[in-house]
Structure formats: structure tokens, C-alpha cells
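Undergrad: The residues making up each chain are set out below.
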Amino acid sequence: MTTATQSSSADRLSVAGIELEVVRHGKGRPVLLLHGFNNVSPNAPFLQQLGDTAEILAPTHPGFGRSARPKDFETVYDIVHLYIELINGLPHERLSLIGLSFGGWLAAELAVKLGRRIDKLVLADAVGIKVSDRETPDIFDVFNKHPDEARARSWHDVANSAPKYDDLEDDELVTIARNREALCRYGWHPYLYNPQLMRWLPNIKAQTLVLWGASDGIVKPSYGEAYAKAIPGARFEIIPEAGHHPEIEQPRAFAERVSAFLKR
Amino acid sequence: MDAWFQTEVTYPFVPQDVLDAADSVRASLPNKYCDPKIAATLFDESIAEYLLCDELGINVVCTEHHAGINSLLGANPMLLAILASQTRKVQVMSLGTLVTLRPDPVRIAEEYATADVLSRGRLELGFVKSGLTEYASNQANPINNGERYWEAIDLISKALTYQDGPFSWEGKHFTHRHVNIWPRPYQQGLPRMWAATGDASTSADVGRRDIVQILVLRGPEGTKMAFAANRKARREAGMPKPTTDRFAYAALVAVGDTHEEGLRVGAKLLWFLNTSLKSAPQFGPLLPGNAPPEAAPGIYRTKPRPNAGGGGGQLSASANAQLLMNINAEQAMQRGILFCGSPDTVYEQIKKFYDTVGGFDHLAMVGRSGFMTHEETKKSLTLFGKHVLPRMREIKTVTAGFNQPDV
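If you read the sequences in order, they're chains A and B.
Counting from 1, one number per residue, gives the positions in the first sequence under my numbering.
Counting from 1, one number per residue, gives the positions in the second sequence under my numbering.
Do not rely on the hints blindly, as some may be mistaken.
[What the hints assert, rightly or not] Part of the chain A face toward chain B, derived, beta carbon under 10 Å: (1) D141; (2) K145; (3) D148; (4) A150; (5) D166; (6) H189; (7) Y191; (8) Q207; (9) S222; (10) E225.
[As the list claims (entries may be wrong)] Straight-line alpha carbon distances no greater than 25 Å define the calculated DSS-like cross-link-like pairs of lysine-lysine that follow: (11) A/K145 <-> B/K278; (12) A/K71 <-> B/K172; (13) A/K145 <-> B/K32; (14) A/K164 <-> B/K303.
No lab work stands behind these hints, which were simulated from the structure alone.
Small disclaimer: the values here were computed from a predicted structure and weren't measured.
Where is the CB? At the ideal position from N, CA and C, for every residue including glycine.
Throw the hints in and build the complete structure from the sequences for me.
TA: Shown next as C-alpha cells:
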């Protein structure tokens with residue numbers, strides 16, 4: 001049964017009655033791209049490069065960016081089920097998932113639930129699981145720690161890569177604040193992970209690439225290695241000179257690694 | 001008009017260089033800086049001050065704040081129990097257990113019912129929305145705080161009044177399948193309820209629910225706006241005009257033999273604003289839910305742009321805090337945050353504020369803070385109780401907003 005209906009609009013998609021902002025780009029194998037702390041910019045250089053290999057659909061999660069959030073939409077469970085509807089409404093028999101950071105958590109949940117429907121899975125600097133002991137947080141607390149430290153941990157080259165709020169337009173700052181509010185709603189507790197997800201990662205059937213920014217201080221590369229270890233056959237690769245957002249800091253390297261993996 | 005006393009049991013004894021170096025004096029300042037021996041003395045003194053209020057006829061208020069120099073009252077119900085048990089005459093208010101920070105409102109209802117029994121029916125229930133550093137200290141999601149606030153109050157209210165339990169509660173934020181608290185409250189029906197809030201939307205909720213609204217250190221303009229929103233919501237809901245017993249104001253208050261003495265002691269109370277409000281941006285402006293996303297341009301930029309957006313309207317709690325941190329005694333008196341001086345001049349300041357905002361029946365006095373000593377506090381309370389309170393009592397309950405334009 002298909003309940004998702006796709007509008008003809010280039011930048012909106014209606015799924016189960018929920019209007020989502022979407023970015024579409026490229027030609028090739030179908031890829032659902034799930035964004036991280038911030039929604040994907042249509043002008044992101046990594047998108048342009050990935051578009052040579054893949055037909056990318058990048059929805060903005062409800063409550064982030066310009067996607068509305070239904071009032072009863074409160075949890076990652078809601079987003080995951082929304083994207084199952086979205087995927088069920090797509091014409092492709094199989095598709096690939098790319099999940100960045102918070103979107104990596106969503107992608108891992110979807111890959112567990114959808115089995116062979118997902119042929120390839122890319123997790124980049126993903127959150128979503130608990131790895132270390134109970135007194136060692138795996139994920140830097142972007143809400144309770146100083147914003148300067150969060151910025152320093154997010155980027156390899158803070159001076160050149162971190163957004164400069166003074167230079168951004170009003171609507172861009174409002175979007176950042178909306179994104180932060182949405183992330184807080186969905187990810188506050190337990191902080192950005194599902195205690196049960198690790199238990200189910202071995203059931204993932206998709207070929208998996210776990211990509212990590214070498215300088216990521218939000219979730220360290222060792223966390224990525226643990227992620228890869230839990231998913232059967234998963235490869236783990238490091239992108240040098242990148243922090244938590246390798247797709248932004250090293251767009252070419254990111255796109256090359258992902259394209260090569262998707263073509264394999 | 002009546003009066004209430006509160007002290008946050010502040011802890012001003014952390015070296016200034018430590019406070020200067022810390023980005024926040026709440027939530028993240030390590031507790032190695034809190035000497036439990038000093039804390040024990042502070043509690044002894046504060047309880048003695050509360051018991052003095054019992055003799056003077058000043059009602060008592062027990063507040064709650066977490067993990068910082070601004071207050072040692074994280075475990076608010078414990079002090080509440082002591083006051084409920086040891087006072088004999090005055091009303092005892094919890095203002096309040098921070099209901100949105102606690103996972104189970106039924107436990108709060110149990111604590112309240114027990115305190116009401118201990119006091120033999122003198123308990124009043126104040127609810128505070130909480131905020132800022134408190135979310136971090138209690139791992140409470142700052143998003144949805146307002147929803148949790150009212151749902152918790154509804155569940156607590158039912159738990160305190162329902163006598164044919166167990167009953168079940170399966171709400172959006174709280175679930176409990178077996179609510180049946182023992183003891184039930186001493187009072188028949190709900191104890192009088194209060195809400196400490198200043199924003200227009202919650203003020204309207206408070207009006208529609210017909211509970212006492214208390215504004216804390218908001219000054220005349222913010223207070224007038226909040227009271228007006230309250231009255232307007234009541235009128236629109238078809239409720240009768242409220243009387244002044246539905247409104248309250250909390251200010252820093254100090255009384256001396258002379259105006260100068262009161263001024264000197266009152267200036268010490270400003271420590272609460274100047275020193276103990278310091279908190280890092282992640283516990284203030286940048287905390288999700290603290291301000292609507294539309295206010296981001298005014299918050300995220302290090303310098304404002306001309307004609308840029310920035311929220312507008314009422315100040316957010318963190319913007320209000322920023323303003324209070326830089327205030328001096330004269331400004332605080334002008335802004336209606338500090339009432340201090342001799343009994344005569346303090347009364348005049350209270351009456352002036354009363355007239356400016358359209359009346360209120362309850363003045364909550366933050367009567368000790370920072371380096372104000374126990375002796376100074378006792379003297380201030382005694383002068384207030386003997387020479388200010390009797391004159392306040394002559395002000396009778398009337399229609400609220402009696403001198404304000406219709407809303």
C-alpha cells in the first residue's frame with residue numbers, strides 16, 4: 001500500500017499528509033539523504049558532486065528548516081515511520097540511504113526496519129547508539145556545554161569552516177534556531193541515542209560504509225568504528241581534515257568516497 | 001494586603017576570582033566550592049528567620065533552585081516540611097517544587113499532602129515554570145516545558161482532591177496507573193494555588209484558571225502587562241472581574257531604622273542579581289525553547305544589525321536576567337525591584353508600586369540574600385512586621401486593575 005504522494009513541486013513533498021521541504025538533485029541510483037543537525041542546503045558543493053552518481057532526495061525532517069511539524073510529532077519514532085511511508089511511496093524497488101549525524105541515527109533505524117529494501121547505507125559521523133560505559137558520554141552535549149566548545153569540536157578548521165552568525169541573514173539564523181529546537185525535542189533524552197539500537201544493528205542487510213571526520217569532536221572516530229563493527233560487513237573510513245560535518249568541510253573527498261561506494 | 005517572606009538560602013562564600021573565572025555560577029560550578037559546614041549554618045539561620053516570621057505574622061515561602069550559589073534549596077520539599085511542622089500560625093507556601101523538572105508529579109502530590117497535614121491545613125501551592133540552568137541540572141527538556149507544567153499541575157490537583165482512588169492517568173507527558181496518595185491533604189478541596197509567571201500567554205492561562213498570579217522582580221511595566229493579559233483572558237472567557245487577591249508581586253525588601261540604613265542593607269540584596277545570575281549562554285539565550293526561533297537574529301549575532309529582527313514585545317527570561325545583572329540600588333528602586341529604606345519610605349514604595357500596577361493583595365519579600373547577615377535580616381523583618389505590615393493590612397481587597405484602562 002502506498003500512502004505517500006509526491007507533489008510535482010521541486011522543493012516540497014507531501015508524505016502522509018505532512019508537507020516536507022525537499023532538495024532534489026542529480027541522476028543515477030536513488031538515494032535518500034537524511035540530514036544532521038542542520039537541513040541540507042540546495043547549493044551544498046557535496047550535493048553537486050554526488051549528483052553525478054546519484055539521484056538524491058533530501059527531505060528536511062519535520063520541525064527543521066522549512067518543514068512543518070505536526071503537533072503530535074515528538075520522537076525519532078515518528079520521523080522513522082514517516083520516512084518508511086516516504087520510501088514506500090517511491091517507485092524504486094531498492095534504494096540507498098545516506099545519513100549524516102542525527103540523520104545517521106535515522107538511517108540506521110530505517111536500515112534495521114527495512115531489511116533488503118535498502119541496498120546501500122552510508123553513515124557519516126552518525127549518532128544513535130550507546131558505546132562507552134555509563135559514566136562516559138559518547139556524544140558531546142551541544143545543549144549543556146558552552147557554544148564555543150561545541151564549535152571547536154564540530155570543525156577541523158573552525159576559523160574557515162564554522163558559520164559566522166554575524167554574516168548570516170535573518171532567515172538563515174531563524175532556520176538554525178528552528179533546527180536546534182527540533183534537535184532538542186527529538187534528541188534530548190536519552191541524549192541522541194536509542195538504547196536498543198545497538199542490539200539490532202547486526203540485522204542490517206545493506207552494504208554499509210561508515211565515514212568519519214578525523215577531527216570530529218562531537219562523536220569521535222572510535223564511536224564510528226564501534227558502529228561499523230556492529231553492522232555485518234561494514235567498512236569504516238576516515239576523512240582527513242574534517243570534523244563532524246565532512247560533507248561540508250571536505251565536500252570533494254566526501255563525495256568521492258560515497259560515489260565510489262555507491263558504484264561498487 | 002498581606003506579606004510573605006522568602007530567602008533563597010544563597011551561598012555567597014565562593015572566592016570572587018573563582019566566580020569571575022567561571023562562565024556560569026549555576027549548574028556547572030563544581031560543588032567543591034560549597035562548604036557543607038557553612039551550608040549548615042545558613043540553613044539554621046534561615047529556619048530561624050522563617051520562625052521569626054511566624055511570630056510577626058509574615059507568611060512564609062519556600063522556593064526551589066538548583067546547583068548554584070543563588071540557592072541551596074534544590075531539595076525544596078525538605079525545607080517545606082520543616083516550615084510546615086515548625087511554624088504555628090502563618091501560611092506556608094511552596095513556590096514551588098519545580099514540577100516540570102520532576103518525572104513523577106504523584107510524588108510531588110504526596111509531598112504536598114504530607115506538608116499540608118504537618119501544617120494542619122496551612123499549605124499553599126505555588127507553581128513555577130522553571131527554566132535556564134535548571135533544565136541542565138535536572139535533565140529536563142526545555143522544549144515542551146509549558147505543556148508539562150500544566151499537565152503536572154492537573155495531575156497533582158487531581159491527586160490532592162480525588163478520594164475514591166486509585167485513579168489512572170495516561171497523559172501526554174506523565175503516566176501513572178495507580179494514583180492513591182496517603183495521607184490526603186488536611187484541607188478539604190485544593191489548597192490555594194499560585195503561579196509565578198510573567199509572559200502574556202501563561203498569564204492568560206493563569207487568569208482562566210483563576211489562580212493567584214505572582215510576578216517576580218518584573219518591575220511595574222512587565223507586571224502591568226502580565227496582569228492585563230490575565231484580566232483580558234478572564235474577560236474573554238466570560239469570567240467575573242478578578243479581585244486583587246488574585247495578584248501578587250515579589251521584590252527585594254529591606255527595612256532599617258532610617259532610610260539610609262534600609263538603603264545600605266537593601267543594596268546587599270542586589271548580590272542576588274549582580275552576582276548569582278551569571279550563567280553561560282547555553283543556559284540562557286541559546287537554550288532551545290527560551291525564545292522563539294524568530295528571535296534568533298537578535299540572539300545569535302554578536303552585534304545587532306540596524307533594523308534587524310529580534311523578537312520584540314516582552315523580554316525573555318534570559319534577557320530580563322541580563323538586565324538585572326547590571327542593576328544598581330538606585331535603578332533597582334526606580335524599577336520597582338527593590339523596596340528599601342525606613343518603615344515609612346518602604347511603605348510608600350510598596351503603595352506606589354501597588355497603584356502603578358492596579359493593585360495586588362500579596363507582597364512576597366525576598367528578605368535575605370548574599371552577604372546580608374542573619375542579624376540584619378532579623379532586624380529588617382522585625383521592623384517590617386511591626387511597622388510596615390500593619391499599614392499594608394489596611395489595604396483591603398478590591399477589584400483588580402481598578403485604576404487601569406479596560407483591556
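Undergrad: Sort out which numbered hints this structure fails and list those numbers smallest first.
TA: 8, 9, 10
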